[in-house]
Amino acid sequence: MNTKTLQQSKVGKIENSPIQSPNSRKYAAVRTREYLLVSEIEAMRDALKKAGGCHTHRDSTLILLIYRHGLRVAEAAALRWEQIDWSGGNLHVKRVKTGTPSTQPLYGDEIRALRKLQRYAYGTLRVARSRRIRYQKRR
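Numbering (full-length UniProt numbering), first residue to last: 1 to 139.
Treat the hints as calculated values from the structure; they're not laboratory data.
What you are looking at is a predicted structure, and each value in this text was computed from that prediction instead of being measured.
Watch out, some of these pointers could steer you wrong.
[Said to hold, decoys possible] So the derived label-pair ranges between C-beta atoms look like this:
{"hint": "1", "residue 1": "Ser24", "residue 2": "Gly53", "range": "38 to 48 Å"}
{"hint": "2", "residue 1": "Trp81", "residue 2": "Lys26", "range": "42 to 52 Å"}
{"hint": "3", "residue 1": "Val30", "residue 2": "Ile66", "range": "34 to 44 Å"}
{"hint": "4", "residue 1": "Ser87", "residue 2": "Tyr27", "range": "39 to 49 Å"}
{"hint": "5", "residue 1": "Trp86", "residue 2": "Val38", "range": "20 to 30 Å"}
{"hint": "6", "residue 1": "Pro105", "residue 2": "Glu42", "range": "16 to 26 Å"}
{"hint": "7", "residue 1": "Asp109", "residue 2": "Arg31", "range": "43 to 53 Å"}
{"hint": "8", "residue 1": "Tyr107", "residue 2": "Ser24", "range": "34 to 44 Å"}
[To be verified] DSS-like mimics (lysine-lysine), calculated; alpha carbons at most 30 Å apart, straight line:
{"hint": "9", "residue 1": "Lys94", "residue 2": "Lys49"}
{"hint": "10", "residue 1": "Lys116", "residue 2": "Lys26"}
{"hint": "11", "residue 1": "Lys50", "residue 2": "Lys97"}
In this text, a Cβ means the ideal position worked out from N, Cα and C, and glycines have one as well.
Can you make the complete structure from the sequences, with help from the hints?
Okay, structure coming up:
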């Protein structure tokens with residue numbers, strides 16, 4: 001590329017290299033992979049459990065479902081209890097954007113985590129409830 005010589009007042013002549021956009025780097029040079037490893041997901045869930053909080057189990061379960069089933073945040077937030085087939089162990093996913101709906105199998109640890117979450121989310125329609133509404137135990 002050609003370098004330009006610019007004349008600045010009272011300073012003299014300087015050579016500038018061509019200005020490059022911060023986005024001009026190849027994506028592969030910035031990040032070697034575009035996905036998380038199982039060990040990284042488990043580390044994230046363990047950190048959530050260690051930090052504690054009132055919605056630790058809910059957040060941990062949602063991270064697991066998002067990772068294993070490739071859910072978008074909007075799909076996870078819209079997930080309802082009626083989309084879970086407990087007897088067959090399946091999850092009916094309603095995709096947003098241009099995705100097609102699908103039925104995906106649930107693994108044992110996912111079913112156990114969802115059942116535990118359902119016990120505390122008695123009377124709610126959605127799996128991921130707002131932080132403003134507290135979970136209530138069954139009486």
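Hint check:
no.	hint	verdict
1	Ser24 / Gly53: 38 to 48 Å	holds, 41 Å
2	Trp81 / Lys26: 42 to 52 Å	holds, 44 Å
3	Val30 / Ile66: 34 to 44 Å	violated, 23 Å
4	Ser87 / Tyr27: 39 to 49 Å	holds, 44 Å
5	Trp86 / Val38: 20 to 30 Å	holds, 25 Å
6	Pro105 / Glu42: 16 to 26 Å	holds, 20 Å
7	Asp109 / Arg31: 43 to 53 Å	violated, 29 Å
8	Tyr107 / Ser24: 34 to 44 Å	holds, 43 Å
9	Lys94 / Lys49	holds, 29 Å
10	Lys116 / Lys26	violated, 44 Å
11	Lys50 / Lys97	violated, 35 Å
Taken one by one, the earlier hints fail for this structure at numbers 3, 7, 10 and 11, listed in ascending order.
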